Structure formats: structure tokens, C-alpha cells
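Top to bottom, those sequences are chains X and R.
So the first sequence is numbered by numbering that gives the first Met the number 0: it starts at 0 and just counts up by one.
So the second sequence is numbered by numbering that gives the first Met the number 0: it starts at 0 and just counts up by one.
Source of the hints: derived by calculation from the structure; they are not laboratory data.
Values in this document were obtained by computation on a predicted structure and should not be read as measured data.
Don't be surprised by glycine CBs; every beta carbon is placed ideally from N, CA and C.
Take these hints with a grain of salt, some might be off.
[Claimed, not checked] Each pair of labels, with its calculated beta carbon distance range:
no.	chain 1	residue 1	chain 2	residue 2	range
1	R	ILE154	X	GLY28	53 to 63 Å
2	X	GLY334	R	ASN59	45 to 55 Å
3	R	ASP222	X	GLY193	22 to 32 Å
4	X	ARG384	R	ASP222	33 to 43 Å
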Amino acid sequence: MTGQTQTAGTVAGAVAPAAEARDISKRYGATVALHSAGITIAPGETHALVGRNGAGKSTLVSILTGLQRPDSGQVRFDGTPAPALADRDAWRQRVACVYQKSTIIPTLTVAENLFLNRQAGRGLIDWRGLRRRAADLLEGYAVAVDPAAPAGSLTVEQRQLVEIARALSFGATFIILDEPTAQLDAAAIERLFGRMRELQAAGVTFLFISHHLQEVYEVCQTVTVLRDARHILTQPVDTLSREALVAAMTGDAGETLAGIDRPAVPESAPVVLDVAGLGLAGFYQDIDLRVRAGELVGLIGSGSSGKVALAETIAGLRRADTGTVSLAGNTPKPGSVPAALAAGLGYLPQDRHREGLVPLLSVAENATLPITDRLGPAGIIAPTRQRAVAQRMIEAYDIKTDGPHQPVNGLSGGNAQKVVLARALANDPKALVMVSPTAGVDVRSKDSLLRAVAEAAAQGTGVLIVSDELDDLRSCDRVLVMFHGRVVREVSRGWADAELVTAVEGVEQP
Amino acid sequence: MTGTQTIAKPPAPTGGRPGLGGRIPLARLRDLALVPAILLLVVVGAIIDPVFLSSANITNVLQQQTELALLVLAEAIILIAGKFDLSLESTIGLAPALALALVIPAASNGLGTELPAGLAIPICLLVGVAIGAFNGLLILRFKLSAFIVTLGMLIVLRGLQIGITGGQNLFDIPPSVLYLGNAVWFGVPASIWISGTLFVVGIAALGFFRHGRAVYAIGGNTDAARAAGIRTDRVVWIILMVGGLLAALAGLLMTGRLGSVAAAQGDGMIFTVFAAAVIGGISLDGGKGTLFGALCGVIVLGLINNILTLAGVSAQWIQAIYGAIILIALILARLTSGKAQD
Ligand SMILES: Nc1ncnc2c1ncn2[C@@H]1O[C@H](COP(=O)(O)OP(=O)(O)OP(=O)(O)O)[C@@H](O)[C@H]1O
Ligand SMILES: [Mg+2]
Chain X
0 MTGQTQTAGT VAGAVAPAAE ARDISKRYGA TVALHSAGIT IAPGETHALV
50 GRNGAGKSTL VSILTGLQRP DSGQVRFDGT PAPALADRDA WRQRVACVYQ
100 KSTIIPTLTV AENLFLNRQA GRGLIDWRGL RRRAADLLEG YAVAVDPAAP
150 AGSLTVEQRQ LVEIARALSF GATFIILDEP TAQLDAAAIE RLFGRMRELQ
200 AAGVTFLFIS HHLQEVYEVC QTVTVLRDAR HILTQPVDTL SREALVAAMT
250 GDAGETLAGI DRPAVPESAP VVLDVAGLGL AGFYQDIDLR VRAGELVGLI
300 GSGSSGKVAL AETIAGLRRA DTGTVSLAGN TPKPGSVPAA LAAGLGYLPQ
350 DRHREGLVPL LSVAENATLP ITDRLGPAGI IAPTRQRAVA QRMIEAYDIK
400 TDGPHQPVNG LSGGNAQKVV LARALANDPK ALVMVSPTAG VDVRSKDSLL
450 RAVAEAAAQG TGVLIVSDEL DDLRSCDRVL VMFHGRVVRE VSRGWADAEL
500 VTAVEGVEQP
Chain R
0 MTGTQTIAKP PAPTGGRPGL GGRIPLARLR DLALVPAILL LVVVGAIIDP
50 VFLSSANITN VLQQQTELAL LVLAEAIILI AGKFDLSLES TIGLAPALAL
100 ALVIPAASNG LGTELPAGLA IPICLLVGVA IGAFNGLLIL RFKLSAFIVT
150 LGMLIVLRGL QIGITGGQNL FDIPPSVLYL GNAVWFGVPA SIWISGTLFV
200 VGIAALGFFR HGRAVYAIGG NTDAARAAGI RTDRVVWIIL MVGGLLAALA
250 GLLMTGRLGS VAAAQGDGMI FTVFAAAVIG GISLDGGKGT LFGALCGVIV
300 LGLINNILTL AGVSAQWIQA IYGAIILIAL ILARLTSGKA QD
């Protein structure tokens with residue numbers, strides 16, 4: 000460890016750390032999630048916690064918020080030992096948290112979710128007042144939703160904003176944000192950072208987790224790196240270069256992500272995805288787009304651009320008012336997912352928490368779900384074949400797991416994500432639509448995922464990547480920009496970041 | 000394509016402008032969905048037989064439903080919390096049977112302890128609470144499935160009752176135990192007052208108090224509820240005990256109304272309990288539905304039963320027809336709510 004490393008407890012003489020975890024170890028069965036790791040967070044700072052998928056970040060968060068008991072080690076807040084695990088109220092006074100896994104209750108209204116378990120004191124709940132308070136709170140985050148609507152009707156992004164608004168509204172002086180930005184667009188991230196800076200100025204301490212390293216440099220003062228369940232370093236952000244940070248996370252010299260070189264797609268290649276004159280009131284209008292076999296096409300736009308709704312329409316999750324979607328020359332029945340899949344579509348949905356995986360099945364079973372017919376004759380699934388296929392996927396996509404037999408609910412957020420992607424690519428779709436494919440995936444794994452996607456394109460799949468991550472789009476042959484429901488611009492490879500960003504913001508007139 | 004089922008529908012677009020009250024939320028409307036059905040049944044009943052609308056008949060219908068209503072109240076709260084309790088239908092028999100066996104003489108099939116008769120009611124209620132607590136122990140501490148635990152308890156408790164009473168019906172009932180099931184307060188049977196009051200208390204608790212809303216939160220997403228500071232295990236435990244208590248109370252009412260405890264008291268009721276809850280909009284998944292809806296479900300079933308009797312459907316057929324109507328009602332509830340009842 001470097002000389003600058005602050006290990007727990009060395010801030011002698013200074014004020015007690017806002018939060019401190021010392022010598023924490025935690026195992027899940029055979030998996031060591033944390034191995035005598037620690038973190039010391041000084042009051043008033045925004046402290047970044049980074050590390051690859053499965054490094055143990057979320058496990059540390061669950062221990063810092065009192066949801067899990069560590070096998071050994073202690074947690075302190077402001078120098079005093081943490082309350083008993085059963086005393087949830089005491090924990091909540093010390094720390095508020097946006098967890099990586101959604102803690103929105105879909106059957107309750109937005110307002111009630113925001114004020115869950117604090118709707119009222121001992122007396123009657125004033126529902127009207129509650130809705131009004133919720134509306135005020137949401138306004139601060141520019142979330143245009145009805146507080147009386149059930150939370151299950153929100154989009155992924157809106158739900159994330161509700162979680163953030165809730166965590167920040169407690170008046171807690173220590174707030175943990177576990178990958179809050181993974182599902183947000185640039186404008187929402189800026190608003191979040193603005194709120195964080197205001198609160199920080201008012202003395203609030205943050206622990207911030209993200210796989211977007213530029214965000215770490217943007218809002219954090221100190222960074223702690225975990226690798227393979229261990230604490231690697233804690234250092235002021237401005238003394239650590241991006242390369243050194245990536246090296247600390249991965250354990251080897253980092254290389255920054257560049258576009259993958261791919262041959263140009265010939266004009267003669269057949270069109271595998273043809274969207275003509277598509278429109279859906281309230282989301283998008285007059286969309287025409289064509290993806291050829293072997294082509295990688297990007298689709299970028301802000302949260303309100305309608306790009307996710309467009310992807311969902313192609314996948315049959317929504318039904319367009321006008322226009323058609325053709326897949327490899329066929330026009331599947333609109334609004335039907337099975338029809339779209341049968342026509343040769345592969346789809347990676349945005350909401351992996353809800354839609355991605357069967358939680359109790361193993362990695363192998365989840366990853367091979369769509370290709371069970373290929374694992375043995377007459378519908379029989381040969382376990383050895385299944386394991387072998389899954390093992391190949393685990394290696395190809397860099398999935399950190401005990402092995403193909405592990406149930407997916409024991410995977411870290413990013414690793415679960417990789418299983419979903421592996422599955423989308425498993426049955427060699429003719430056209431592949433992916434929404435934010437690398438959300439929650441660490442820097443190095445992003446690279447292997449995008450390589451796998453480019454590989455699929457080289458095999459003749461036409462790919463549409465819907466994302467606001469510029470890094471996801473670097474290998475694309477062309478990128479379409481959506482703004483307020485229309486495709487306003489198309490750029491081909493070699494675009495400059497600034498060019499794309501201004502188009503996304505709608506600054507430039509098309 | 001096997002991947003299909005794992006892709007859920009995206010949320011429907013929510014209305015543009017956030018409104019503050021004013022319009023009635025959809026959930027509230029679904030709550031009232033059974034009110035027209037009840038009105039329709041009243042009209043049908045009145046046409047079939049003028050006796051139907053007489054206050055004697057209405058009182059009779061309501062009183063017969065009070066025991067079911069209490070079980071549905073208990074089951075609805077437990078279902079909203081995302082749990083199950085099948086053993087309620089045995090508690091309704093065992094709790095009064097055990098309490099009586101402890102107070103009546105051995106000659107009347109008692110256990111011979113002959114405790115003071117005044118203890119019968121407290122013992123009965125305590126037995127209900129204890130059964131709920133024991134269910135809670137198995138479900139929460141030993142992490143067993145609520146379904147299988149309470150199914151086992153259903154059988155064990157029924158067996159206990161038969162063992163204790165030697166399979167005999169108990170007739171020698173002290174007046175204090177008979178009182179609640181027979182008394183008339185202000186012209187209306189006490190059991191109707193009691194059930195009605197408890198429903199009002201339940202509706203208020205689950206609708207307007209923080210601890211009541213915790214039940215919905217637990218049923219909707221237990222991890223999220225825990226993260227929000229709700230002591231999920233404790234709440235579920237309390238609910239299971241309240242469930243047992245309500246079932247024991249229902250047992251008292253039934254004992255008073257019938258003047259005896261049959262060896263099979265409550266046997267087979269659990270299907271009707273679940274049917275009323277589900278028709279009333281309670282989701283077996285937890286987190287959804289209201290007690291008002293459940294109450295409407297009880298009333299609908301009571302009216303159907305009464306109309307079948309008044310219409311002179313032969314006693315041999317009434318069970319089959321009643322069951323079939325419940326299934327049809329479930330299908331209708333499914334169609335009108337547009338949501339799968341899984
Ligand atoms: N409930 C669980 N059961 C079994 N193993 C678990 C469980 N939760 C976490 N793990 C394991 O612990 C390790 C650390 O997981 P954790 O969620 O802390 O990672 P993370 O750093 O948050 O990763 P990500 O960036 O992907 O969110 C992983 O290997 C994971 O498989
Ligand atoms: Mg995590």
C-alpha cells in the first residue's frame with residue numbers, strides 16, 4: 000500500500016470519522032465477499048468507493064447500513080460504535096442509502112414510497128398532505144410523476160430518482176449512494192450532482208459508488224479501492240491519475256477503452272432490422288431506421304428522448320400507433336414479444352432487476368435458457384453440455400462467480416448483468432437490440448462485453464445499441480441521436496464527443 | 000422461445016401532470032368494484048323472494064357471515080403481508096373446544112380439570128394467539144414456507160381437537176361462552192357489532208396508520224421494507240397472532256350461535272375464506288388489496304348463499320352450485336381487475 004494510504008483510525012487528533020468500518024470480513028458460503036477490509040470516511044467529504052464487479056462494494060454498503068452482520072470487524076459512526084442490528088431506527092438516523100437493488104415497492108404509491116415508514120408519527124396519516132410533500136420533493140429532481148400513481152408504473156429512471164430523492168430527504172448526515180447513476184441520463188446526473196454539492200456544503204458526508212470513473216473525479220475528494228474483497232488504497236482523488244486508479248482496481252496496468260476496429264459493412268448486406276414511419280404518441284414520431292447484417296448502430300438521447308420506448312417497441316413490449324417494424328424481412332405481430340423473438344430478435348431489457356433473470360436458478364440455467372434445445376436431443380438438457388456452455392460464457396464475459404452452479408441471486412449487480420447479456424447473445428439472433436448494455440459493469444468488463452458484441456456483429460448479427468454511454472458507442476458504424484422523440488442527427492464513426500453531446504442536449508439545430 | 004416469459008411489460012405511460020388528489024385513484028375504484036355486484040345481488044334476491052329484503056333475513060344473512068368475516072379479516076391481513084395461514088379453519092374449532100374441555104366436567108367430554116367457567120373465553124382467545132405465535136416461530140425462525148407450515152398445522156390442530164374431545168361434539172356450554180354468539184345489542188346481534196367494529200378498526204389501521212402500512216410494505220417487498228426501518232419479522236409475527244386471535248373469536252361466536260362445538264367446526268371453511276379475499280381484490284402475492292374489498296367479498300358470498308337457499312335449490316346440490324358460483328366470481332374478478340391472480 001502506498002504512503003498516502005490512510006488506514007482506519009489514523010486520522011488521530013482530527014474529528015472522528017463520520018463513518019468507519021474496520022477489519023470487516025464477510026463470507027457467503029464459499030465466497031469471500033470482504034476480507035478484513037475497511038473504510039474511513041471523514042466528515043463532510045464525498046468519498047468514492049470503486050472496484051470491479053464483485054469486489055465487495057455492495058456488501059460493504061449493506062454492512063455500513065446495518066442490513067448484514069459482518070462475520071468480524073466493527074462499524075462506527077462519529078466515533079461511537081454502531082447500534083444493534085435489530086435497532087433499525089437508530090441505523091436510519093445515522094445513515095441513509097440508495098441501494099443498488101431497487102427498494103421501491105411497486106404496489107404502493109410514489110408518495111408512500113418516498114415516506115415509507117415515516118408517513119406519520121403515532122397518529123393518523125394525512126394522505127393529502129403526504130402527496131403534497133411528495134410532489135414538492137419530486138419537483139426538486141424534475142421528476143414529472145403523479146405522487147398518487149403506483150410506483151410500479153414508473154420507468155426505471157424515474158424509480159431511481161425516487162430512491163435518490165428519498166435517501167437525500169431524511170436529513171441524515173451520512174448518505175450512501177450505490178451506483179445511483181447507472182440508470183440515469185446526463186441531465187439527471189447533473190441534477191443529482193448539484194444536489195450532492197449543496198448538501199455537502201451543508202455538512203453532509205457521502206459515500207459514492209460508480210463505475211463511471213469520470214464521476215469520481217467530478218464529485219469526490221477521496222477514493223477507496225476494493226479489489227477481490229480486500230482494501231487496496233484510500234487516497235485523495237486529485238493525487239491519483241485515472242490510469243493509476245484503473246490499475247488499482249484491476250491489479251494490472253490499465254488501458255483505456257478505444258473503439259474496436261471493424262471492417263466497413265458492405266452496402267449489399269441484407270437489412271435485418273427495418274423500422275419505418277414508427278410513431279407512438281407521447282414518446283416518439285416518424286422514426287425510420289435500418290440496421291444491416293453485421294452493422295453496429297448506436298442510438299443515443301436523453302431520458303426524455305424516447306429511445307428506450309423505441310427499443311421496447313421493437314422488442315414487442317409496446318405497440319406503436321403508426322409504422323412498422325420488420326425483422327430480417329418478416330413483420331412480426333406488433334406488440335408481441337414472442338413474435339419478435341421468433342422473428343430473430345435478441346433483446347436486452349433496461350430493467351434487469353425485474354425482467355432479467357430467474358433468481359433461484361443457477362448461472363448456467365439462466366445463461367442457457369434460450370438455447371436449451373441445443374443442449375441435447377429431444378428437449379433433454381445434458382448437464383455436462385450445459386455446464387460447458389455456461390463455463391465458456393463465464394470466461395468470455397468475465398463473470399465473477401463460484402461457478403456455473405451458483406444461483407444468480409448471489410451474484411453482484413454487475414455480474415448478474417453480464418449473465419443477462421450472455422443470454423441475449425446466446426442464440427445468435429439476427430438482430431440484437433440492447434438497452435444500456437454496460438450499466439453497472441466495471442471498466443475492464445465493459446471492454447470484454449463490447450468485444451463480445453462486436454464479435455456477434457462480425458458473425459452477421461445486426462446490432463442496435465441504445466445507450467447514453469459514449470464508450471458503448473465507440474465501435475458503432477454510425478450513431479443516431481434522438482431528441483424529443485425524433486432522430487435529429489446521424490454521425491458515422493470517428494465522431495467527436497463534443498459533437499454528439501451537444502446534439503443529445505439539443506443545443507445544435509439539426 | 001423460453002426467454003420470453005422473463006420479459007415483463009414496461010410500465011404504461013403515467014399521466015402527464017402530477018395532480019394532487021381530485022381524481023379518484025384507480026386502486027380506490029377497484030375497491031368499490033364489488034359494490035355494484037352487491038346491489039345487483041340485492042335486486043336479484045328481492046325479485047326471487049320478497050322475504051329476502053325483510054330485516055329478519057338480512058340480519059340472519061349478516062349474522063351467518065360474521066364468523067367467515069372474522070376469518071377473512073385475519074386472512075386478508077396475513078395475505079397482504081405476503082404470508083399464508085391455512086390453519087385458521089382449525090383454530091376456529093380447536094380454540095373453543097380446548098377452552099371448553101378445560102372447564103366442563105369429564106362427563107360432558109371435558110378433560111376433567113373443571114377450571115372456573117369464567118376462564119373459558121380468555122383461554123379460548125389465548126389458544127388462538129398461541130397458535131399464531133407458534134406458526135410465526137416456524138415460519139420466521141425456522142424459515143419454513145408459510146403455506147406448508149400452516150397446512151401442517153391445519154391437520155395437527157384438527158387432530159388435537161378430535162383427540163381432546165374424543166371426536167365428540169361438546170354440548171355442555173357455559174352461558175358466558177354462549178353469550179357473544181347470541182346476545183342482541185340495540186336490536187342487532189352482538190356478533191354483527193363485533194365483526195363490524197373489528198373491520199372498521201382493521202380498515203383504519205391498515206389505511207391510516209404507519210404500522211398498518213408496514214403490512215403493505217412487507218408484502219410488496221420485504222427487503223425494501225426492512226431497509227426502510229420496518230421490523231419485518233416482528234410485524235409478521237404480530238399479524239399471525241392477531242390472525243389466530245380473530246379465528247378464536249370467530250370460534251366463540253360460532254359456538255354461541257350453534258350452541259355446541261362440533262368436532263368438525265370450521266372444517267372446509269378455508270376455501271371460502273380465500274375465495275372471499277380474492278374476490279374482494281386481495282392478491283395472493285401480497286402487498287395488494289384492501290380490507291374493505293375483502294369485506295365486500297364476504298358480503299357477496301353471503302348474499303349468493305342466501306339467494307340460493309331462498310330460491311329453493313335442493314340441499315344436495317347447493318354445495319356444488321355454491322362452489323361453481325365462487326369460481327365464476329373469481330373469473331369475473333380476474334376479468335374486471337385485468338390482473339392475474341397468481
Ligand atoms: N447473497 C449472496 N449470496 C452469495 N454470494 C453473494 C451474495 N451477495 C454477494 N455475494 C458475492 O459477494 C461478492 C461481492 O459482491 P458485491 O455485491 O459486494 O460486489 P460489488 O462490488 O457491489 O459488485 P458490482 O459492481 O457488480 O455491484 C460477489 O462475488 C458476490 O457473488
Ligand atoms: Mg454492487
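Status of each hint after checking the structure:
no. : hint                              : result
1   : R:ILE154 <-> X:GLY28: 53 to 63 Å  : violated, 35 Å
2   : X:GLY334 <-> R:ASN59: 45 to 55 Å  : holds, 51 Å
3   : R:ASP222 <-> X:GLY193: 22 to 32 Å : holds, 30 Å
4   : X:ARG384 <-> R:ASP222: 33 to 43 Å : holds, 35 Å
In terms of the numbered hints stated before, the structure departs from hint 1 and from no other.
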